[in-house]
Amino acid sequence: MSEFQRTYEDTLGMIGRGADQNGVRQFISFRVGTEDYAIDILAVREIKGWTRTTVLPNQPDYVRGVLNLRGAIVPVFDLRSRFGQGPTEATAKHVVVIVAVGDRLVGLLVDQVSDILSVADDNIGAVPETSIRGDHRYLAGIITQGDTMVVLLALDTLFDTLTLPGDQPAHETAA
Amino acid sequence: MSTQARNDYAQFRQTFFAESAEMLADMDDRLEVLKSGRLDREELDAVFRAVHSIKAGAGMFDYRRLVEFAHGFEALLDRLRDGRMAVNPAVAGLIIRAADILAELVAAAQAERSAPDDAGADVMTAINTLMAVESVSAATAPILPPVNCESRCVEIRFVPHADLLRKANEPLLVIRELSTLGRLTTACDASRVPMLERIDTQDCYLSWTFVLETEAAEEAIREVFEFVEDDAEISHEVRTPVASEDEGFGLWLETPVLEDVADAAREQTPASVVNVDYGAKRPAVQTSIRVELSRVDKLVDMVGELVISQAMLRQELASHNLPVVDGLESLDALTRELQDCVMAIRMQPVRSVFARMPRLVRDVAARLDKQVRLIMVGEQTELDKTVIEELSDPLTHMIRNSVDHGIESPAVRCAAGKSAEGTITLNASQVGSNILIQIEDDGAGIDRARLVAKAIEKGIVPPGTVLGDDEALDLIFAPGFSTAQTVSDVSGRGVGMDVVRRNIQKIGGRIQVNSVAGHGTRFTLIIPLTLAVLDGMLISVGSERYILPLTSIVESFRPASGQIRELSGGGRIVSVRGDYVPLLGLGRVFGVADAVHDPVLGLVVLVETATGGRLGLVVDGLIGQQQVVIKSLQANFTAVPGISGGTILGDGRVALILDIEQLASLKETAA
Chain A
1 MSEFQRTYED
11 TLGMIGRGAD
21 QNGVRQFISF
31 RVGTEDYAID
41 ILAVREIKGW
51 TRTTVLPNQP
61 DYVRGVLNLR
71 GAIVPVFDLR
81 SRFGQGPTEA
91 TAKHVVVIVA
101 VGDRLVGLLV
111 DQVSDILSVA
121 DDNIGAVPET
131 SIRGDHRYLA
141 GIITQGDTMV
151 VLLALDTLFD
161 TLTLPGDQPA
171 HETAA
Chain B
1001 MSTQARNDYA
1011 QFRQTFFAES
1021 AEMLADMDDR
1031 LEVLKSGRLD
1041 REELDAVFRA
1051 VHSIKAGAGM
1061 FDYRRLVEFA
1071 HGFEALLDRL
1081 RDGRMAVNPA
1091 VAGLIIRAAD
1101 ILAELVAAAQ
1111 AERSAPDDAG
1121 ADVMTAINTL
1131 MAVESVSAAT
1141 APILPPVNCE
1151 SRCVEIRFVP
1161 HADLLRKANE
1171 PLLVIRELST
1181 LGRLTTACDA
1191 SRVPMLERID
1201 TQDCYLSWTF
1211 VLETEAAEEA
1221 IREVFEFVED
1231 DAEISHEVRT
1241 PVASEDEGFG
1251 LWLETPVLED
1261 VADAAREQTP
1271 ASVVNVDYGA
1281 KRPAVQTSIR
1291 VELSRVDKLV
1301 DMVGELVISQ
1311 AMLRQELASH
1321 NLPVVDGLES
1331 LDALTRELQD
1341 CVMAIRMQPV
1351 RSVFARMPRL
1361 VRDVAARLDK
1371 QVRLIMVGEQ
1381 TELDKTVIEE
1391 LSDPLTHMIR
1401 NSVDHGIESP
1411 AVRCAAGKSA
1421 EGTITLNASQ
1431 VGSNILIQIE
1441 DDGAGIDRAR
1451 LVAKAIEKGI
1461 VPPGTVLGDD
1471 EALDLIFAPG
1481 FSTAQTVSDV
1491 SGRGVGMDVV
1501 RRNIQKIGGR
1511 IQVNSVAGHG
1521 TRFTLIIPLT
1531 LAVLDGMLIS
1541 VGSERYILPL
1551 TSIVESFRPA
1561 SGQIRELSGG
1571 GRIVSVRGDY
1581 VPLLGLGRVF
1591 GVADAVHDPV
1601 LGLVVLVETA
1611 TGGRLGLVVD
1621 GLIGQQQVVI
1631 KSLQANFTAV
1641 PGISGGTILG
1651 DGRVALILDI
1661 EQLASLKETA
1671 A
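Residue numbers (the working numbering), protein chains in the order written: chain A, 1 to 175; chain B, 1001 to 1671.
Keep in mind that the hints are not guaranteed to be accurate.
[Said to hold, decoys possible] Now the stretches of chain B that chain A is said to cover, found in silico as 3 or more residues with beta-carbon under 8 Å:
no., segment
1, 1584-1597
2, 1624-1636
3, 1640-1651
[Said to hold, decoys possible] Chain A is nowhere near these chain B residues, computed Cβ spacing over 10 Å in every case:
no., residue
4, T1015
5, E1219
6, D1393
It should be emphasised that the hints constitute simulated quantities derived from the structure, not laboratory data. Cβ coordinates follow ideal geometry from the N, Cα and C atoms, glycine included.
Generate the whole structure from the sequences, applying the supplied hints.
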């Protein structure tokens, strides 16, 4: 793992890490269903194609099982299912984004990775209060890219709601 | 102090206590020998080294009480070492007590509390008294241990000039060379060593007297001193075999008694009198290095990966119908061997846990006025380090129980026609990939009727319950159960065997109890050798595959439809040679849609839980037996009911390892 992390750190060195002096951060954006989401690039460890996972018994639908990531057993979460758009019909063209949350590694099943975004802090908007019932704690902000809107995910809270038993959303609405 | 320095300090301190703990344990072990009446040179040296190292370390961290005590203790051992004092029962008792106090002081230092002021004071006084007496008699005793000269003996006096070292001569080389000629006994005279502040490190202050038992010619001996003869006074005298004993040793008295300057001399030589035996067998020095456990774990992980990658490579080749490449076979053998080697790094003899038991038995027996003998067998049996650590508490508890509840008082034993002294046997042995630990006592055995009565009284089982023998015995594992008539400070507080069982289960083990009233009780622990590797059976359930721990499997069979019985309240049972065993369809429990549900079409795997309960798992089929490296699911996810962990199969996919104990409590969900 450390070997891998080192090359990852090197890569980051090349593309510039975190916010630079102008307050610009980098995000990886991906598509889930019809929506675009983004996560902090620093959390991403690896991006790999979908392969069949081993199903974990008696878990919510959005837990797609576990896969072997160079010896570590990593759970994969189906974001489309988590966001209430039904389970992903996963094919080899689907993508699993491996992210580090705290000291854990988790995989996020998404439809496709779209882009690397460089966004100044100023251009990240707050999530507006809505009247729609739903759990928005894992939505960290909204990035406007031209005429599209990308929802920034807060991985920590997202992961909490993914794994903590008894904290599953009772009713989900499309984002 | 900078943060860095503070961290270093904390780390050194931690290392000091880790090492002290090891040395104290080792010391305990060696002192066991002392109790049997004698302590040989090797043991004594080892104990001395341990006390000395603890003293040195304690000095570094300024634990003054510890240093003072260790210093006194060390002085006592030193005298035993150089033969100025003989080991007798009084001294032996004192050493054992001193070792106890030393351990206590180390513990106090570690916990950063101060030990009671008088801790060790009585022992220290006893040591000082003993040494005062002995040094009087020592003054008239010969300094050189008597040498029984069976062959020709040569006495050599070697007094180097002060500038010997400056001329690039090394007395040690001379001594070493001399020792190749025969059996060499050495006495060092340190009387010329000045006070520390006046020592010139370039000067040689020591001189030696040797007794060499040799057949070598005088010429050969002279040759040894060839290079130093101009820089030293050298004289020698040949003694004939018979004449040696009496006349020879009067001479040694003329050399100054070394004791008074012993401390100063230590700057130059470790002990006043040294038995040089370079040529012959030296006690094997145990060489070892201290490695962080996490690094070893990492290594274990990596090798596990290697084994998997290698299996994947093989499968890949096979799937392309490629002939097996030359060298793949040897790669196979090498990886397997490598895995064994790496696993062996984590292995330690159970001795480290067993070693604490004799003292425990002695203490508890003394407090209860019982006579108990402890026999330990198989201390060399090796187990994974983490498993050993987890074993310590349950074993301590069970041994204590055996002394307290198992063994009767001498009077009762005699009345029952047994010898007054009870016997507890602690036996470890390896059986396949498990280790078996048995704790057996020849005491009163467990009274099943009283057990059941007590259980009813405590409301653990409803009144009027009739239990089979085994079920009754099983009650001792019930939470909050204790049969001690009175609550003693030894055991009987009602936290007990249930905790023991939980601890054993935690390390993947099982516990069984057998007892014959009037003849004794035997506890058997069955524990996997390691927590890292598991012998498993790969089973298929629909399109999923699971690993079943091999140790829990009793048998597998395809039942005839007549053996299966649907119960009206739900659930099914299968009859196995007259026993009825509940069935659990894994496909239903885990929600695998395409799994076989009818056992007649699939297989029933009969498994046994740690508590001895049986369960029939309905599966599609058995794929094969294999050793798997256990991986945690919790590292990146949460615990999943019925699953104890995962592993990675030869094809790179994850297979889940079933947890039999949890499965027994799961229910089938309707398909």
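Now for the hints, and whether the structure bears them out:
Only when three residues or more bring their CB closer than 8 Å to a CB of chain A does the claim for the segment 1584-1597 of chain B stand; here the count is 4, and the claim holds. Look at the segment 1624-1636 of chain B against chain A: 5 of its residues bring a Cβ nearer than 8 Å to a Cβ of that chain, three or more, so the hint holds. Using a Cβ-Cβ cut-off of 8 Å, 6 residues of the segment 1640-1651 of chain B lie near chain A, which meets the minimum of three, so the contact claim holds. Residue-level check passed: T1015 (chain B) sits 24 Å from the nearest beta carbon of chain A, beyond 10 Å.
No beta-carbon of chain A comes within 10 Å of the beta-carbon of E1219 (chain B); the shortest separation is about 65 Å. Against chain A, the non-interface label of D1393 (chain B) holds: every CB pair exceeds 10 Å, the least being about 29 Å.
Checked against the numbered hints given earlier, this structure breaks none of them.
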